Each structure stands twice: as C-alpha cells, then as structure tokens.
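As given, the protein sequences belong to chains A and B, one line each in that order.
Residue 0 is where the first sequence starts when you use numbering that gives the first Met the number 0, and the numbers rise one by one after that.
Residue 0 is where the second sequence starts when you use numbering that gives the first Met the number 0, and the numbers rise one by one after that.
Please note that the accuracy of each hint is not assured.
Computed cross-link-like contacts, DSBU-like style, restricted to lysine-lysine with a CA-CA straight-line distance of at most 30 Å [to be verified]: (1) B/LYS44 / B/LYS57; (2) B/LYS110 / A/LYS40; (3) B/LYS411 / A/LYS40; (4) B/LYS180 / B/LYS110.
If you are wondering where the hints come from, they were derived from the structure by calculation, not from laboratory data.
These numbers come from a predicted model, not from an experiment.
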Amino acid sequence: MIKILKYSFYDLMRSRWSYIYFLFYLILGFVLFFLNSDVNKAIITLLNIIIVLTPLIGTVFGIMYYYTSREFTELLLSQPLKRSTIFVGQYLGIVISLSLSLVVGLGIPFIAYGVTRSAAVWNFSSLLFIGAFLTFIFVALAYNIALTFNDKIKGFGFAILLWLVMAVIYDGLIMIVMMQYSDYPLDNFALAAVIFNPIDLSRILILLKLDISALLGYTGAVFQRFFGTSMGMIIAVSILSVWVILPLLRIISVARKKDF
Amino acid sequence: MTVSLHMKVFLFCFLTLSVVSHAETFDVCASCDYITIKSAIEKAKDGDTITVRKGIYKETEIFVNRSLVIIGKDLPILHGENKQESIFAVEADNFIISGFKFVNVGMSYVKEIAGVFLSHCNNFSVKDNYFEDVFYAFIIHRSSYGIIENNHIQGQARDESSSGNGIHVWKCENIRIERNKIYGMRDGIYLEFVKKSVISDNHSIDNIRYGLHFMFSDHNEYHHNEFRTNGAGVAVMYSKFIDMHHNTFHFNWGMASYGLLLKEINDATIENNYFEQNTTGINIDGCNRIRYRSNHFVRNGWALKFTGGCYANVFEYNNFNFNAFDLAYNGRLNDNRFDGNYWSEYVGYDLDRNGIGDVPYRPVKLFSFIVNRTPETIILMRSLFIDIINFSEKVSPIFTPDALVDNHPIMKPIVW
C-alpha cells in the first residue's frame, strides 16, 4: 500500500495542478498579509476561502484523478494486489499531496509574518487542521462517486452537485426550516443541523474561536457551551472522523465487489 | 440685566464674607493642634479652611454641616477600614473638598456607603481626589450647583450585586461632572432623576456594567467622554432632551454589549460621536425624534440596531465603515430618514462627480433582515449561501423594504 501511496503521491507532486494549488495558497497568504498585517483578520478571510475551496478542490481533484488514472488502475488490478490496498493507497496519495499544498502554502507566509509569535497561532493551526480534514472528507466522497459511476460526465456532475449541496443548498434548507418554525426554540435544532454537515461544523468551530463569535448572540452562547467543553470537542472531531471513515469503508467494500 | 444682577449678588456675598467674618485656617496632622479632621470641623465656623497634612487618617462618618474648605496637602489618606460607614458625610452649602485619597470604604448589601456622601448640598466642589478600593466613590442626593472634577476612581468590582457606582447622582440639578477617570466600578457614572447637568471629558473604563447610566434624567448634556471596554457600554434610558456629542465609545465587545443603548429616549441629539468595535454601536429601543449627525461607526458588529417602534429619527452625514452589519431592525421602520451618509459597502457610481452617489443605497442586507426575524439563523454567518443571497438581494431587492434607502449616499467618508 505504501508503494501505491508513494506512487500516487509522486505522480501528483509532479503534476502541475498540485503546484498551482500550492502557489495559489502561497500567494493568497502573502497577499492577505500585504493588504492587512492583522493575523486575526487574515484568519477570518482565510476561513471564508478554506471552507468553500478545500471541499471543492478535494472533490474535483479526487474525481479527476480517478478517471484519468483509470487505465493504470486497471493495470494494477491485474497484479496480485489486494483491491483495498490499491484504492486506499491512491486515496491517501491524493489526500496527502492536497493537504500538503494547503498546509505548506499557507504555512510559509504565516510563519514569515510571525504567526508563531502571536496569540493567533492556535486559531491558525486549527484552521489548517480543519482545512486538511475537509480535504480528507471530500476526496473520500468524490472517490465514492467515481467508483459508483463509470460514466465520467455523470460522476463529475454528481460530485459538483454534492459540493453544492454541502456548501450552499444545505444552509439554504436550514434557513428555510428555521424561518418556518421561528416560533419554536431552535437552538438545539441549529446545533444538530450544523453538526451533520462537515462544512458547517468546520465553519462554526473556527468562528467560535474568533472574536466575531460575540455576534452570534444567544445561539452562539449555546454553541459555545456545547463546543467549549472537551466532550463537545470530542464529539465534533469524531463526527468529522466519521465523515472520513464511512466513505472510506464504502470505497473498500465497493472496490472489492466491483467488476472492472 | 442678568449679568449685572449676578455681579451684584456676587459683590454682596464677597463684601459680606470679607467684612463680617474672618476666615480661619485649621491645620490637621499628627503633630498639629488638631490630630483628627473631626475635631477641627467641630471648632470651625462657616467660611473657615481646614488643611489636612500628609498622613493616614482612620476616620469615618466625618460629618460636615458648615460651609468649609477642606483641603488635603500632599495627598493625605482617609482610611475607611472597610467599616460600614461613609468617610465624608456632607449636608451643607458652599464647600470644597479636595486633595484626598480615599481607601478601603466598606461594602454593604443593605447600606449605601461612599467615600464622599453628599445630601441636600448646594454650591459645592469636590475635586482632585483619589479613590481606591471603594464601594461607592460618590453618592450625591438632592443637591444642586455642584462640580465633581478631576477625581480618579479605581474599584475592584467583581459582580454587580457586591459593587457600587463610581459617581452616583440621585435627584439633583445643575451638576457638572468633569475630567474624572473611573475604572473597575459597577457603573462608572450613574444618574437618576438628574436635570440640567453636564458630564464632560470623563474616562470611564473597564466598569463591569455601564460606563455611564442615565435613568429618568431630562435636559442633560454629555460630551468629550471616553467609554472603553465596559461590560455593557453606555445606557441612556427613559430620558428626554439629552445632548450627546463628541464622545468615544469603543471596544465594548461581548455577547451582551453595545456602545450605546438608547431606551425610550425622545428629542435627543447625537452628534460627532465615535463608535469603534462594539458588538452593537447603538441599540435603539423605542426612541423618537432623535437627530444622528456626523457620527462614525467603525468595525462594529452592528452599527445600528433598532428594536421596538422608533419614529421620526434622522440620520445624516454619518460614516459607516466596515461594520459586519450596518443596520438591523424589527418590524417596520416608521418614517425614519437616512440621507447623505457614507457607507463603506456602497458600490454605486457618481457620474456627475458631485460627491453624491447616483444610485440609492439600501443599508439593510437580506441576511440582517432574516437574522432579525429569526435570530437563530445567525449561525449561518459567513456561509457561502449567505453571501450569495446577500448579493442577489443587492442586485434586485425583493425582501428588504423599499422605504429604507439612503437616496444621497456620499462617495467619500467624512473626515474625522
């Protein structure tokens, strides 16, 4: 598995998209500091970008990589290798290279501007941690879709739709439900609704750490009380982990049965 | 006419004082004729001066009922020993207390205990004092024509029930509170049933409740004050004809904080104030006929938040810079007018280059509208979905009311 991981990883590292992705974050980081040297504000801007972009890039990269390396995968399948080894190896290759682009790309400007010496270092590292987590989740989901649909166009369409649902439509639905039932206490509903979408969960986890959490008012206080405890934090991280583990298990089981 | 009348009264007083009485001076110190302030006061007559030399005086309930000038030289310390008694208790006219340091005034849940307790006083001045670790610094009852000036008040308030106010004024008229610095009390300055008074050039910082608290106090003015990092900001409630100008409200940040809370205020003017980084710049609840002019709202959560019915308010020439929300309101915004303000989020153009944008500006974002209807939706803040609906609403407004527009948004911020 390590060999396949290595192969996928080096393959991606050589591809120009990884570099573009890396350079994008690098430039973004430097530009943010160039325009505004306040680390906390830079983190808020980054939050907006990371929770939208890492899932999108993860999805698109995952699905593209599967379809373009299909022939090579078929070649591997003819070798005496376990199927789970092949697919999990590929998955880890993509995920590690993408996360590395994110962490290193943003890490360089932030270290260059002295984030390690400021109090924001924890906020920054949790932002990177969550960005990496989102990459893990959305590549796994994209691989699931790719394994399900042999048709490239269909797979691509579904992947984009998945991202759209998670990033945009889900929030719209929450909003509509809340407005419909605004006569009822909605704090627990809001908590539950947010927990089940990894993008929303990540957004809230970061927001609660920042100053602007004061704007969240009473609902924010309910959230703070939940996520402020170690129990809440454990629940949040385990839900994010479930979002990685379940799709990964499905990749293994589908790959095992699939007729290529 | 009035000037000459005043002059006559003044001359009369002056002549009477200088001719009739010979003002004496009493020195108080460990080695003087008088070793306690109380003993000197007992001997003193109206118009006398008591000079208190450097030292620590453990006296409480120093009762003053004559017109005296009581001056501390080299900052003598008045030590309250945390007893349940005020240090100075004054019921007199025409007096001055200055130059003391008041420490350890006891805390009580049932009694009002202060460093300086004034009751039924007229024409007085209390200035240049220091207060440390006091329950209340000043309590002023039913008094008029007084000035509280240049006092430094430092408290260690922990919670609202066990702490007192810096300057507590009740049922007074024509009081001036100037150039005081107040830290760490419950309310920095508290006014209840106070009329025709001026509060200026004070710094009220780190108080656990309000920096300044007005209740039922009409015809007052406060200006050039600074209110910073107070628990909940400044509250002005149930008052009419208040003039607020050139104040700075900043860094009042937290779940239940605002720069300025207006509750049932009518006919006030709010001009040239600076609101920076408050959770809510001004929280406006049931206020009518208020003129907001040339105020600066910088990086607040909400610049203005209306709750309850507000009628006939006018907002002109204000700067709204980088607030998370410029405006939020409940229900209908009844004939309140926004005109000629600067909005940092305005993206219109100015073809004729007259400095006024050609396209009207709508200060209410759709999200802010939704949050006010359903507060819990605030958890969607900074979601991509919200950015999308805000943008589409901006392009073609459907939900936000047509009436709420600034028809003449200015293109450049007003220079401070």
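For each hint, the structure was consulted:
no. : hint                : in the structure
1   : B/LYS44 / B/LYS57   : 23 Å, holds
2   : B/LYS110 / A/LYS40  : 48 Å, violated
3   : B/LYS411 / A/LYS40  : 24 Å, holds
4   : B/LYS180 / B/LYS110 : 25 Å, holds
Of the numbered hints listed earlier, the single one contradicted by the structure is hint 2.
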